[in-house]
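What follows is the residue order along each chain.
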Amino acid sequence: MSLRFKLLLLALSTLALPLAGWLIVRQMEELLRQGQEQTLTASAKALARSLAALKTALPPAGQAFYVHSCAGGMRIDGYADDWNQLMPYAQNIGPADDAQKAKLLLCADGDFLYLLAQVRDATRTRADASDENALLRDHLTLSLAHDNDLRRYLIASAAPGRFDARVLDGEGDSLPQVLGGSWREDADGYRVELRLPRAQMPDSLTLNEFDAGAPNNAHIELRPLLLRSPDISSDLAQFAPDGMRVRVLSAEGWVVAESGQLAALSSKSSTPALRRWFENLIYRSLIAPDMTRAQDFATNLPRLSSPEIWQALSGVAATAWHPAPNQGSSVVLAAAVPLKDNNEVRGALLLEQSGDALPLLTNRALLILIGASIGALLFAGAVLFAFAGVLGVRIRRLRDAVERAKHASGRVERNADRQVPLPLLGAKDELGDLARSFAHLLDEVTAYTDYLRTLASKLSHELQTPLAIVKSSLDNLDQQSVSTDARTYLVRARSGAERLGAIVRAMSEASRMDRAIHGVDAEEFDLSAVVRGCVEAYRPLLAPRRIEADLPASPLLMHGAPELIAQALDKLIDNARSFTPEDGWIRISLRANGDGAIVSVANQGPPLPPTMADRLFDSLVSVRPSTVQKATVVNGAPAEPPHLGLGLSIVRLIAELHRGVATARNLADGSGVEFSLELRGMPRRPLMGGMG
Amino acid sequence: MGRNIAIVEDEPAIRANYVEALNRFGYTTHGYSTRPDASRAFAQRLPELVIIDVGLGDEPEGGFELCRELRAQSPTLPILFLTARDSDFDVISGLRLGADDYLTKDVSLHHLAARISALFRRIDALNKPASKETVVEHGPLKLEAERMRVTWNNHEVPLTVTEFWMIHTLVRFPGHVKNRDQLMREAQVVVDDATITSHIKRIRKKFLAIDEAFDSIETVHGAGYRWRPT
Numbered sequence: 001m002s003l004r005f006k007l008l009l010l011a012l013s014t015l016a017l018p019l020a021g022w023l024i025v026r027q028m029e030e031l032l033r034q035g036q037e038q039t040l041t042a043s044a045k046a047l048a049r050s051l052a053a054l055k056t057a058l059p060p061a062g063q064a065f066y067v068h069s070c071a072g073g074m075r076i077d078g079y080a081d082d083w084n085q086l087m088p089y090a091q092n093i094g095p096a097d098d099a100q101k102a103k104l105l106l107c108a109d110g111d112f113l114y115l116l117a118q119v120r121d122a123t124r125t126r127a128d129a130s131d132e133n134a135l136l137r138d139h140l141t142l143s144l145a146h147d148n149d150l151r152r153y154l155i156a157s158a159a160p161g162r163f164d165a166r167v168l169d170g171e172g173d174s175l176p177q178v179l180g181g182s183w184r185e186d187a188d189g190y191r192v193e194l195r196l197p198r199a200q201m202p203d204s205l206t207l208n209e210f211d212a213g214a215p216n217n218a219h220i221e222l223r224p225l226l227l228r229s230p231d232i233s234s235d236l237a238q239f240a241p242d243g244m245r246v247r248v249l250s251a252e253g254w255v256v257a258e259s260g261q262l263a264a265l266s267s268k269s270s271t272p273a274l275r276r277w278f279e280n281l282i283y284r285s286l287i288a289p290d291m292t293r294a295q296d297f298a299t300n301l302p303r304l305s306s307p308e309i310w311q312a313l314s315g316v317a318a319t320a321w322h323p324a325p326n327q328g329s330s331v332v333l334a335a336a337v338p339l340k341d342n343n344e345v346r347g348a349l350l351l352e353q354s355g356d357a358l359p360l361l362t363n364r365a366l367l368i369l370i371g372a373s374i375g376a377l378l379f380a381g382a383v384l385f386a387f388a389g390v391l392g393v394r395i396r397r398l399r400d401a402v403e404r405a406k407h408a409s410g411r412v413e414r415n416a417d418r419q420v421p422l423p424l425l426g427a428k429d430e431l432g433d434l435a436r437s438f439a440h441l442l443d444e445v446t447a448y449t450d451y452l453r454t455l456a457s458k459l460s461h462e463l464q465t466p467l468a469i470v471k472s473s474l475d476n477l478d479q480q481s482v483s484t485d486a487r488t489y490l491v492r493a494r495s496g497a498e499r500l501g502a503i504v505r506a507m508s509e510a511s512r513m514d515r516a517i518h519g520v521d522a523e524e525f526d527l528s529a530v531v532r533g534c535v536e537a538y539r540p541l542l543a544p545r546r547i548e549a550d551l552p553a554s555p556l557l558m559h560g561a562p563e564l565i566a567q568a569l570d571k572l573i574d575n576a577r578s579f580t581p582e583d584g585w586i587r588i589s590l591r592a593n594g595d596g597a598i599v600s601v602a603n604q605g606p607p608l609p610p611t612m613a614d615r616l617f618d619s620l621v622s623v624r625p626s627t628v629q630k631a632t633v634v635n636g637a638p639a640e641p642p643h644l645g646l647g648l649s650i651v652r653l654i655a656e657l658h659r660g661v662a663t664a665r666n667l668a669d670g671s672g673v674e675f676s677l678e679l680r681g682m683p684r685r686p687l688m689g690g691m692g
Numbered sequence: 693m694g695r696n697i698a699i700v701e702d703e704p705a706i707r708a709n710y711v712e713a714l715n716r717f718g719y720t721t722h723g724y725s726t727r728p729d730a731s732r733a734f735a736q737r738l739p740e741l742v743i744i745d746v747g748l749g750d751e752p753e754g755g756f757e758l759c760r761e762l763r764a765q766s767p768t769l770p771i772l773f774l775t776a777r778d779s780d781f782d783v784i785s786g787l788r789l790g791a792d793d794y795l796t797k798d799v800s801l802h803h804l805a806a807r808i809s810a811l812f813r814r815i816d817a818l819n820k821p822a823s824k825e826t827v828v829e830h831g832p833l834k835l836e837a838e839r840m841r842v843t844w845n846n847h848e849v850p851l852t853v854t855e856f857w858m859i860h861t862l863v864r865f866p867g868h869v870k871n872r873d874q875l876m877r878e879a880q881v882v883v884d885d886a887t888i889t890s891h892i893k894r895i896r897k898k899f900l901a902i903d904e905a906f907d908s909i910e911t912v913h914g915a916g917y918r919w920r921p922t
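Protein chains in written order, with the numbering used here: chain V, 1 to 692; chain Z, 693 to 922.
Here chain V stands alone, though its shape is the one from the complex (with noise of 0.2 Å):
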């Protein structure tokens, strides 16, 4: 992984920032939330202490039998197509294990009140009500109560159509003497309906099923009749802030008054669509709380169920946020209050105020907080990624020099302008001192290198003086006379002082080879004519060792320096003629090869030992036998020069002048050596411009 990369990932360690600040927006909104809640709950409270100061009458405590208000036009045929949207607020009236095996409606419009009853019965005994022995048969009880009266009624019928009640007991005038309505049944069981008249209306009744199969049969009590109330309502509109909308149930959640309207939001067109989304979704998302289902606290609702209401109606204020209905971006916030009479739960009073669901101090600091965070998140990125780059592009750069000083201090490189200094030297910072450290060791290995290089010349330099006075002195003591014996030793020593100056003189050739290459000049020329030249050259020189030549017919152009070329072939061909046997073979050939050419030497001869061949064109290193060097000097008359491993560092040094390199290898079939030169050409800009 790349430093860049790394610091990028450091780089959103700054997303802790944003996680901060939403916490903390998070936070204050909640805070701003509760505040609201307990403004509304409070409101919600006052109102409820001024229905209680008006005496309004609240609704009845426990159970009553909830009168729905319909539009009118209610059949009385039996059916219960009409009664289809009140279906789900059916009554449970069925005995106690079995509590929807019966149940009621009741509904009012201006003229009368009507009642639907099904049964489910699958045991049906069927008798009218007129049958003596109807009560022992499938039937329904109705009691009607009003004031003081209270008058039973027998409703059975052993045939659909339409029937009528049988009064059991009870008195008074208030309550109809007749009753009827209709009857249907299906696989089930039976489905009444009636009417009386607005006029006739009962405070309560029950309404007692009894099913002949059955083995028990439920009692329901007397229960009051809930109406909407139009006294609470209009004491409701008195209180009710502007806005607002404001419900009295009754204990058991069903709707006693409503009064006030939401307030429809004021749509803002100043903030663009995309970016309400936008605000929306970032709210939503990251810092709304849980919401209510709207539908709960939907209008017109004959019975709230939700678990405010029911914490309300337990005697412990509530609030619950919902959304508004058909208003995608606004809230509504609902609390509900008890509405208390000496301590008895008498129903609840439910206040709802709708607001902007994106609060807009909160939103706003939530836009910044994002906002900022995203800056502050690419802002650091890119620091961090540019601090990434100058310092990748430093060591970069400093291990590129560093490469370029290791070629130049290990190479034919030594001219000071020529070495590029290491950049950062003067930095302060740690790849400052890596720099400075790297310079230093740099310093140490090229003046190693420098020491290593001239010791060959230095030695050789220092060694003339003291061979001159051996020379001197030998040449001196031949002019003397001296006895025959004597003269022997004469010989053998001037043919030691013989081998030691060619030693001598070989070190110092490679030392001035050195120079003589940086000092050339270089020319267009043939290279394939140069290495014919030199192989006709060679014919006498290697005899009777057979030469075969594998040369180019066409001339092959050479940017560099030829003599300094023949001078590396002839080091190839020296040390090839000294490896091979009087009766082997040499093979120089010549090819292109790119842009370049390779020049190869083969002999037949042993093999390279295998750990040489990397060192082979090191100076100073030679794979010659020492006995063969040791065997002339008996005879005192040296036949071989010395080999000090010179040659082919040479031959390394004009390769690499011709930007290439010096190869030895061994013949695929063992028979012998490889070197080959691979040539370039030397670079066309003067290599060196103010010398020679």
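It is possible that part of the hints are untrue.
What the hints assert, rightly or not - Pairwise CB distance ranges, derived in the manner of DEER restraints:
hint : chain 1 : residue 1 : chain 2 : residue 2 : range
1    : Z       : G749      : V       : G496      : 21 to 31 Å
2    : V       : G519      : Z       : F865      : 29 to 39 Å
3    : V       : A543      : Z       : V827      : 36 to 46 Å
4    : V       : S2        : Z       : D750      : 21 to 31 Å
5    : Z       : T922      : V       : E548      : 32 to 42 Å
6    : Z       : F865      : V       : T611      : 46 to 56 Å
7    : V       : S554      : Z       : T922      : 23 to 33 Å
8    : Z       : F865      : V       : D595      : 33 to 43 Å
Unchecked claim - Which bits of chain Z does chain V cover? Going by a derived footprint, with three or more residues having C-beta under 8 Å, they are:
hint : stretch
9    : 708 to 718
10   : 799 to 807
11   : 836 to 844
Since the hints were made in silico from the structure, they are not lab data.
Ideal Cβ placement from N, Cα and C applies to all residues, glycine included.
Given the coordinates of chain V, assemble chain Z onto it according to the supplied hints.
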């Protein structure tokens, strides 16, 4: 009484050996170990030939300094550097200061003697009228063997003895390739290939300084050099 030769050499053993050897060859030789010693002696009487080592005692370039002084005193005095310093740079410096030849210390006494006698011959020949027989002419080249003078288009080419002998070897048989060994033998020097190459290069430069179109010395790669026949 032979010719008077001075050797300025800080190494006593070498100095003694050379003095003895040259005396044996019939010269009157005096040895000096430091530049001040030599300068003092030369101020009184100038020898006929001076052999100087470049490094003298604690003066690493004392020989060059001495050469400069002597050249100022006498423009014709043959001066020969005999030194362990064999780098091209030193050779060029020595020759530029007006030395007549530059030999390295691995030269044998015989070679040295031959060089000395050649220099004397050149001095002598310059004082005599040119004898017709020893003059070789090739186009613009005129080579007077006795005087060791070479002219090109009647301009004198300032060659050292070594360089003269190389040219001489090449010009005697124009068109014949002379390999490095032959050149070495003729010039009576024992040097390596690289030195021969740089000698040839120097000779070419000297000719080129006179005639930019000079290309008579031809390199035959792998074999040697030849004088391009006209």
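Structure-based check of each hint:
Range check, G749/Z to G496/V: Cβ separation about 30 Å, and the 21 to 31 Å hint holds. G519/V and F865/Z have their C-beta atoms about 30 Å apart, which keeps the hinted 29 to 39 Å range intact. Under the hint 36 to 46 Å, the C-beta atoms of A543/V and V827/Z, about 40 Å apart, fit the expected range. For S2/V paired with D750/Z, a C-beta distance near 60 Å fails the hint of 21 to 31 Å.
Separation of T922/Z from E548/V is about 38 Å and conforms to the stated range, judged on CB atoms against 32 to 42 Å. Taking 46 to 56 Å as the suggested C-beta distance range, the pair F865/Z and T611/V conforms, at roughly 50 Å. With their beta carbons about 31 Å apart, S554/V and T922/Z fall inside the hinted range of 23 to 33 Å. Against the hinted window of 33 to 43 Å, the Cβ-Cβ separation of F865/Z and D595/V comes to about 41 Å, which satisfies the hint.
Figure legend: the stretch 708 to 718 of chain Z, annotated as covered by chain V; annotation consistent (5 residues with Cβ-Cβ distances under 8 Å, at least 3 required). Here's how the stretch 799 to 807 of chain Z fares: 3 of its residues keep a CB closer than 8 Å to some CB of chain V, so the rule of at least three is met and the hint holds. Counting residues of the stretch 836 to 844 of chain Z whose beta carbon lies closer than 8 Å to any beta carbon of chain V gives 0, which falls below the threshold of three, so the coverage claim is violated.
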